[in-house]
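**Student:** Chain residues, written in single-letter form:
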Amino acid sequence: MRSSRACCPGGLARLALALGWLVAVSASAQETSFDFRVTVLHATSGGAVRDGAQRFDRLLRKRVSYRGLRIVTSQERTVGTNRIGSVELPDGTRFRFRPIDPDGPGALVAIDMGETQGDFRLPAGKPLILGGSGWKGGQLVVVLELTR
Amino acid sequence: MNDQQRRRELLHAYHDDELGPLGRWRVRRLLARDPASREELARLGTLGDLLRESEASAETPDLWPGIVAQLPHRDGVALPATGGAEGGMAPWLRWVPAGVAAAALAVVLAVGLGEGDASDARSLRWLDAGSRSASVLQDDQEATIIWIMDAKGEQTSRGRDRALI
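So the sequence lines, in the order shown, correspond to chains A and B. At position 77 of the first sequence the residue is numbered 77 (the numbering used here), and the sequence of numbers has no breaks. At position 5 of the second sequence the residue is numbered 5 (the numbering used here), and the sequence of numbers has no breaks.
Since the hints were made in silico from the structure, they are not lab data. There's no promise every hint is true.
Unchecked claim - Taking CB as the label site, the calculated pair distances span:
| id | chain 1 | residue 1 | chain 2 | residue 2 | range |
| --- | --- | --- | --- | --- | --- |
| 1 | A | Asp-103 | B | Arg-6 | 26 to 34 Å |
| 2 | A | Thr-93 | B | Glu-9 | 20 to 28 Å |
| 3 | B | Arg-6 | A | Ala-16 | 46 to 54 Å |
| 4 | B | Arg-38 | A | Arg-61 | 42 to 50 Å |
| 5 | B | Asp-17 | A | Gly-92 | 32 to 40 Å |
| 6 | B | Leu-31 | A | Arg-83 | 22 to 30 Å |
| 7 | A | Gly-46 | B | Asp-17 | 42 to 50 Å |
| 8 | A | Gly-46 | B | Arg-43 | 51 to 59 Å |
| 9 | A | Leu-15 | B | Arg-6 | 49 to 57 Å |
Unchecked claim - With a straight-line cut-off of 20 Å between C-alpha atoms, the simulated SDA-like cross-links for lysine to any residue are:
| id | chain 1 | residue 1 | chain 2 | residue 2 |
| --- | --- | --- | --- | --- |
| 10 | A | Lys-126 | B | Asp-120 |
| 11 | A | Lys-62 | B | Gln-141 |
| 12 | A | Lys-126 | B | Leu-124 |
| 13 | A | Lys-126 | B | Val-136 |
| 14 | A | Lys-136 | B | Leu-164 |
| 15 | A | Lys-136 | A | Arg-94 |
| 16 | A | Lys-62 | A | Gly-46 |
| 17 | A | Lys-126 | B | Arg-122 |
| 18 | A | Lys-62 | B | Met-149 |
| 19 | A | Lys-136 | B | Asp-150 |
| 20 | A | Lys-126 | B | Asp-139 |
| 21 | A | Lys-126 | A | Asp-35 |
| 22 | A | Lys-126 | A | Gly-106 |
| 23 | A | Lys-126 | A | Val-79 |
| 24 | A | Lys-62 | B | Leu-164 |
| 25 | A | Lys-126 | B | Trp-126 |
| 26 | A | Lys-126 | B | Gln-138 |
| 27 | A | Lys-126 | B | Glu-142 |
| 28 | A | Lys-126 | A | Ser-74 |
| 29 | A | Lys-62 | B | Glu-142 |
| 30 | A | Lys-62 | A | Thr-44 |
| 31 | A | Lys-126 | B | Arg-125 |
| 32 | A | Lys-62 | B | Gln-138 |
| 33 | A | Lys-62 | B | Val-136 |
| 34 | A | Lys-126 | B | Ala-121 |
| 35 | A | Lys-126 | A | Arg-61 |
| 36 | A | Lys-62 | B | Asp-139 |
| 37 | A | Lys-136 | B | Met-149 |
| 38 | A | Lys-126 | B | Leu-127 |
| 39 | A | Lys-62 | B | Arg-162 |
A virtual CB, placed ideally from N, CA and C, is assigned to each residue, including glycine.
Using the sequences and the hints given, assemble the complete structure.
**Tutor:** Encoded structure:
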């Protein structure tokens, strides 16, 4: 009897430790989260490059012909692995993104914008720029950046 | 391309393991809710098995004994009945294919490693623009720029890596 009494507290402690370790491991696996910035731009054939859009203008200018560029909205999202971040675009559609693999440089992110779907490996600071949706005589340009 | 064709292409890509993680996830969702897709995928699997079986059963016949019988023989020198042309090859020549293979492997490895370094900078892993077409204007260390064309493809002309607004 004495031996069983002596062993039970130790066994319970080990069980509690094991449970705690499992919870910690699963929590750390699930809690990998990323900070994203989603910037929506409006590129037009007229007008000028507005304040705040110069950084994107430097990236886009050599690849896209336009005159006007302005920031419509810029929003930040913190999204965990396999969670979905979402931003409503001015044309009523939604831009969705989902980090699906935290390993490697940055994050592997699945995106969903209208008919367009894709997977991209996004290192921090390297923008993913998706353009082409027509809106108000110009085109919407969505920029997804991993900030952390 | 209509929905049915797109669905079929998606299932083929899934069967051939050509989809990215999200693509596979989408197909699994489709399979969970659509019995027709499950049947289509099962048919693809059956077809693949049949092809593998036919490849395995189609043995290449050994024609060498028949060829040997028809070749003029030098006195006192008999060609082996098996083993193909290698039997008549000078001993030093036997090392030539191995050397060529080793050199080719070295070239492939060098090119492969070079490409691996370059592809590390690329972000694009998989892209499906549905009924529209997409153009990758840039994908390097600085940025990834994807432009989705409208149905008429007016935004870029073919062969140019520049979009027009």
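**Student:** Are there hints from earlier that the structure breaks, and if so, what are their numbers?
**Tutor:** none
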